[in-house]
Amino acid sequence: MPAATAQAISLPFAVATGSGAGILSLLSWRAVRGSPIGRVVAALAVVMGVATVYHALLLVAPEATKTTLLGGSKYLAIVGALGLAADAHRRTPIPLGSYEPAPLAVVTGVAAFVGGGLLAELFAPVLIHWAHGFGALLVVVGFYSLATTDPSLEGRLDAAIRDTGPTRPREDWMRPIDDRILETYAASGLVLTPAVVAYNIGHSREEVNRRLSELERRSFVERVERGKYRLADRGRARLSAPPRRSRRGERDR
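Under the UniProt record's numbering, think of the first position of the sequence shown as 1, with each following residue one higher.
These aren't lab readings, by the way, just hints derived from the structure by calculation. Check the hints yourself; a few may be wrong.
To be verified - Each computed SDA-like pair below joins lysine to any residue, with the alpha-carbon atoms no more than 20 Å apart: (1) 228 with 191; (2) 228 with 213; (3) 228 with 196; (4) 228 with 210; (5) 228 with 218; (6) 228 with 217; (7) 228 with 184; (8) 228 with 180; (9) 228 with 188; (10) 228 with 179; (11) 228 with 204; (12) 228 with 201; (13) 228 with 187; (14) 228 with 186; (15) 228 with 209; (16) 228 with 193; (17) 228 with 216; (18) 228 with 241; (19) 228 with 206; (20) 228 with 199; (21) 228 with 205; (22) 228 with 202; (23) 228 with 195; (24) 228 with 169; (25) 228 with 200; (26) 228 with 183; (27) 228 with 189.
Please work from the sequences and hints to get the whole structure.
Spelled out as C-alpha cells, the structure:
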C-alpha cells in the first residue's frame, strides 16, 4: 500500500514541479533573451513545458499517452537543451565547482531530471516521476533564488559564476558585458557598429545596443553618427585602471 501511494503521488508531484520550473524558466528567459545564456534558458523552458504536458496527459489518459510521440519528443527536447548547455559551458573557462549556489541548483536539477529520469526508466521505472519531480524542484529553487536575491535577474545570470580572476569594480548600473564592449573598442581603436561588437563578444545586437545607449549616457562611449560609436576618454580611463583579483564568493559591484 505505501508503495502504491508513493507511485500515485509521484505523477502529480512531477506535474506541479515541472510546471513551476517551466514558468520560472520562461520568465527568466524574458530577462536574458539577449545574452548567450538566453538560448539555454529558452531550451530549458521548452523541456520543462513538454515534460509537464507529458506528465499531465499520463494522469488523464495513461494508456493512450504511452503510445504517442510526445514521450519521444520529451527526450529530443532534453538532448537539445543538453547540447546548448554543453556549448555554453565549453565557452566558459570556469569549472562547475565555482558556480554560485543558485545557478548550480539549476544545473544540478537539469542533470537530475535528465540523468535520474533515464536511469530510473532503465532500472527502477517506479521512481521515474520522482526523479523528474525532484529535478524540476531544484530548477524552481535555483531560479527562485536568483530572482529573489537580486531583482536584476539579468545581472545575476550574466554573473552566474564566480570568476576568481582579475576583475574591475563595477558600479550598480554596470553589467559584465559592459567591460567586454569597452575592451572591443579599445582593442580595435576604430569606430564600430553594434553589430560588429555583438559579433565579436557573442551577444545579440539588441543587447549590445541597449548597453551602448547606457554607456553613452554615462560618457564611456560617444556616438560618432547614427549607429556608430567609439571609445570615450572615460571608457579609456576605466580600462587603464588595474583590475583586482576577486575572492571566491565575493560579488563585484
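Against the structure, the hints come out as follows:
At roughly 6 Å between alpha-carbon atoms, residue 228 and residue 191 fall within 20 Å of each other, so this suggested pair holds. For the suggested pair residue 228 and residue 213, the alpha carbons sit about 11 Å apart, so the restraint of at most 20 Å is met. For the hint linking residue 228 to residue 196, the alpha-carbon distance of about 10 Å falls within 20 Å, and the restraint holds. For the given pair, residue 228 sits about 13 Å from residue 210 by alpha-carbon distance, which is consistent with the 20 Å threshold.
A C-alpha spacing of about 16 Å is found between residue 228 and residue 218, which places the hinted pair at or below 20 Å, so the restraint holds. Distance check on the hinted pair: residue 228 and residue 217 sit about 15 Å apart at the alpha-carbon level, within 20 Å; holds. A distance of roughly 14 Å separates the Cα atoms of residue 228 and residue 184; the hinted pair therefore holds under the 20 Å criterion. With a C-alpha separation of about 17 Å, the suggested pair residue 228 and residue 180 falls inside the 20 Å cut-off, and the hint holds.
A hinted pair counts as satisfied when its Cα atoms are at most 20 Å apart, and residue 228 with residue 188 qualifies at roughly 14 Å. A distance of roughly 18 Å separates the Cα atoms of residue 228 and residue 179; the hinted pair therefore holds under the 20 Å criterion. Restraint check for residue 228 and residue 204: the C-alpha separation of about 16 Å stays at or below 20 Å, so the hint holds. Taking the CA atoms of residue 228 and residue 201, the gap is about 17 Å. The hint holds against a cut of 20 Å.
Among the hinted pairs, residue 228 with residue 187 is consistent with the structure: their alpha-carbon atoms are about 16 Å apart, no more than 20 Å. Only pairs whose Cα atoms come within 20 Å are accepted, and residue 228 paired with residue 186 is accepted, the gap being roughly 15 Å. Taken as a hint, the residue 228 and residue 209 pair is honoured in the structure, with Cα atoms around 10 Å apart against an allowance of 20 Å. Between residue 228 and residue 193, the direct Cα distance comes to roughly 5 Å. Compliance with the 20 Å bound is thereby established for this hinted pair.
About 11 Å separates the Cα atoms of residue 228 and residue 216, which keeps this hinted pair within 20 Å; it holds. Between residue 228 and residue 241, the direct Cα distance comes to roughly 25 Å. Violation of the 20 Å bound is thereby established for this hinted pair. With a C-alpha separation of about 14 Å, the suggested pair residue 228 and residue 206 falls inside the 20 Å cut-off, and the hint holds. With a C-alpha separation of about 15 Å, the suggested pair residue 228 and residue 199 falls inside the 20 Å cut-off, and the hint holds.
Our distance criterion of 20 Å between C-alpha atoms is met by residue 228 and residue 205, whose separation comes to about 13 Å. Simply put, residue 228 and residue 202 have alpha-carbon atoms about 18 Å apart, close enough for the 20 Å limit, and the pair holds. Of the pairs offered as hints, the one joining residue 228 and residue 195 holds, with about 10 Å between alpha carbons and a cut-off of 20 Å not exceeded. A C-alpha spacing of about 27 Å is found between residue 228 and residue 169, which places the hinted pair above 20 Å, so the restraint is violated.
Restraint check: the Cα-Cα separation between residue 228 and residue 200 comes to about 15 Å, which is no more than 20 Å; the hinted pair holds. Pair hint residue 228 plus residue 183 holds up; C-alpha atoms about 16 Å apart against a cutoff of 20 Å. Taking the CA atoms of residue 228 and residue 189, the gap is near 13 Å; set against the 20 Å cutoff, the hint holds.
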